[in-house]
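What follows is each chain in one-letter form.
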Amino acid sequence: MAGLLDKRLWIVSGKGGVGKSTVAAALALASARAGRRTLVCEVNAQERVSRFLERPAAGPEVTLLEENLWAVDVRPQEAMREYGLMVLRFETLYKTVFENRLVRYFLRFIPSLQELVLLGKIMFHLQEKLPDGRWRFDTIVMDAPATGHAISFLSVPQVLVQTVPPGPMSREAQKMRDLLVDPAVTAAVLVALPEEMPVNEALELHAALRDKVNIRTHAAVLNQSFPERFTEADLEALLGHPELHHAAKAHHDRAAQAVLAGTKLERNLHAPVFTVPRLFTPEFGRDAIEQVMGHLEPLVTGEL
Amino acid sequence: MSKTALAPALAGKRVLICVGSGGVGKTTAAASLALRAAADGRKSLVCTIDPAKRLANSLGLSGGLGNTETRVPATALEPLGIQSRAPLYAMMLDMKQTWDDLITRVAPPDQRERILSNRFYQSLSTALAGSQEYISMEKLWELRRRGEYELIVLDTPPTAHALDFLDAPNRVLDFLDNEAAKWLLSPALKAGKFGMSLFNRSGYVMRALAKFTGTEMLQELSNFMLAISSMNEGFRERARGVRQLLEDPSTGFVLVTSPHPERMDEAIHFHTLLKQHRMEVVSLVVNRVHPMPPEALWEDAATLTPTRRAKVEETLRELQVLAEQDRTGVEQLQAACPGVPIVQVPRFELDVHDITALWRTGRYLLGDEALE
Chain E
1 MAGLLDKRLW
11 IVSGKGGVGK
21 STVAAALALA
31 SARAGRRTLV
41 CEVNAQERVS
51 RFLERPAAGP
61 EVTLLEENLW
71 AVDVRPQEAM
81 REYGLMVLRF
91 ETLYKTVFEN
101 RLVRYFLRFI
111 PSLQELVLLG
121 KIMFHLQEKL
131 PDGRWRFDTI
141 VMDAPATGHA
151 ISFLSVPQVL
161 VQTVPPGPMS
171 REAQKMRDLL
181 VDPAVTAAVL
191 VALPEEMPVN
201 EALELHAALR
211 DKVNIRTHAA
221 VLNQSFPERF
231 TEADLEALLG
241 HPELHHAAKA
251 HHDRAAQAVL
261 AGTKLERNLH
271 APVFTVPRLF
281 TPEFGRDAIE
291 QVMGHLEPLV
301 TGEL
Chain Z
305 MSKTALAPAL
315 AGKRVLICVG
325 SGGVGKTTAA
335 ASLALRAAAD
345 GRKSLVCTID
355 PAKRLANSLG
365 LSGGLGNTET
375 RVPATALEPL
385 GIQSRAPLYA
395 MMLDMKQTWD
405 DLITRVAPPD
415 QRERILSNRF
425 YQSLSTALAG
435 SQEYISMEKL
445 WELRRRGEYE
455 LIVLDTPPTA
465 HALDFLDAPN
475 RVLDFLDNEA
485 AKWLLSPALK
495 AGKFGMSLFN
505 RSGYVMRALA
515 KFTGTEMLQE
525 LSNFMLAISS
535 MNEGFRERAR
545 GVRQLLEDPS
555 TGFVLVTSPH
565 PERMDEAIHF
575 HTLLKQHRME
585 VVSLVVNRVH
595 PMPPEALWED
605 AATLTPTRRA
615 KVEETLRELQ
625 VLAEQDRTGV
635 EQLQAACPGV
645 PIVQVPRFEL
655 DVHDITALWR
665 TGRYLLGDEA
675 LE
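From first to last, the protein sequence lines are chains E and Z. With the numbering used here, letter number 174 in the first sequence gets 174, and the count goes up by one each step, no holes. With the numbering used here, letter number 94 in the second sequence gets 398, and the count goes up by one each step, no holes.
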């Protein structure tokens, strides 16, 4: 299997609450440790990645967290400004246009313009070069929105190519789409929990990404899995202790469910599934992220 | 067992809106509340956004849920061994259909086709952000105005941002009521040539904007705005209605969360916004809380053979960590939202989605049962 290190844009998504930011942080850390200049992008979020890594919040400016690792929270207002400046080139012109009351109301009403500039900023960093011609960032990890929002977010270039008349906006959209659909550049990592709904959402997301956006699923991460612990004989022996049996049975059922979920994902996604066990640490910080990273190493390097 | 704050709300409110981030169990909470209200004798409707077939199945609706209200068959409640004292209805909001219905109702007949076939309208009404939040409240307003149900429980789309939800009607209102929009529209309405006036009057600014979006894009958009300007009054009236409904004393918000730190941050943020908007948070529901394993279990475990004892003790330790995490989470939540009643629903063994699970959730929501 080719590892994620062969790609430059890693898109992490899945149902809300499955640990997308955890996985994004762990993958970004792994990329940085592999010596790649890595930027992790959160989309108008609460900056969990920097918090998980126990660093000060990055904010809307690209901020160095540690060696080879930068973070940014891509926010609409700042992204719009940067995008506007990029197109209009002059600060004064930008001010005249974008700080015009009328124009602001107008812009607010253009559907998906906000998503376009958010995604546009991320795609801009993907193509940014250093003076010596190398990429400014070797890897961009996108902590994408949850399922439904992820699909509409990532479909924006495609939707715009289809809906807006030819012009600068549609040209931008076209460029973004070309990068998103290029399997040599972009890889999607879908995160799920070993429960029915998150698994189903991962499958739906996979189908929508494939059909609507033309992005291939590179791998899935089955987060918070319970490893098998109790044998049938254990459970039988515990029958005389109803409450202990109950706790053991619950654990046993969870572990069985994780196996089922893994199989279901593997069969339907035709992509490898990486299991991350449920961690039992009182605080969920850097230590936890490093542990998760350990489990995701083969996904990053491609060495099983 | 003492009743929770949801008990009087379920008996007295006309609308309950379940809000919260994705994956916290909003749909289950909404369905449980409506089920319970119906069982207690109030004709209820649960309006869900989640295309979860399992909710439909668990309610005995084998054909799935659609954009019209469907009565939940009495046989669905059979496994509960209870007889519902009032009918329960369920529906799943179809965003696209609801938008189309709205346009059909609000637009003058000669503009309908023009709007429905406009490219901006099509993208506005399907996948694009913000419109889901608006249309779900629009539907709620319409259902509420019809007055057929004693209680409507709305399950809301998982918002990327809490503000998207609360801001949606304001955004529409702002847009229509704004001086800039009027200025933009009025000469056009007089002249009947909106696109022309836009480019002539704004000159330099508009030319620069066109550089940004493309000229045709602006023209297309101005055509769309001209078409919808005929619906201004209708939209304005409805948007105002939606806003009033959200602030009405007979409407209550149920803020659903899980004890996970990420989810809780969002819940706290949401709570602050609801307060700012003068909307009533009836209760905070913390879903999937791990109860603390009782001390007696450790003594019991000590009697096992060493290998089994080790396995069992490890499991108990893990449960303890989870319970402690959740307890700290709930305490932090309470400190951040003073005065708001908190209801805890335990994590059930497996995520079951049947009528029994809905009923069980309802028992915790209303305080028939409580976590230790």
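There could be a bad hint or two in this list.
Unchecked claim - Straight-line distance between alpha carbons at most 30 Å, and here's what the computed DSBU-like set of lysine-lysine pairs gives:
#, chain 1, residue 1, chain 2, residue 2
1, E, K264, Z, K615
2, Z, K615, Z, K307
3, E, K175, Z, K400
4, E, K212, Z, K579
Stated by the list, open to error - Derived Cβ-Cβ restraints for the label pairs, each shown as a range:
#, chain 1, residue 1, chain 2, residue 2, range
5, E, P168, Z, K400, 49 to 55 Å
6, E, G59, Z, R621, 36 to 42 Å
7, Z, P642, E, G240, 34 to 40 Å
8, E, A2, Z, E628, 39 to 45 Å
9, E, L179, Z, W602, 31 to 37 Å
10, E, N268, Z, E452, 55 to 61 Å
11, Z, H581, E, G240, 55 to 61 Å
12, Z, E382, E, F280, 53 to 59 Å
13, E, D182, Z, K400, 26 to 32 Å
14, E, Q162, Z, Q548, 44 to 50 Å
No lab work stands behind these hints: they were computed from the structure. Glycine residues also receive a C-beta, built at the ideal position from the N, C-alpha and C atoms.
Exercise. So which of those numbered hints doesn't the model satisfy?
Worked result: 2, 4, 5, 7, 9, 10, 12, 14
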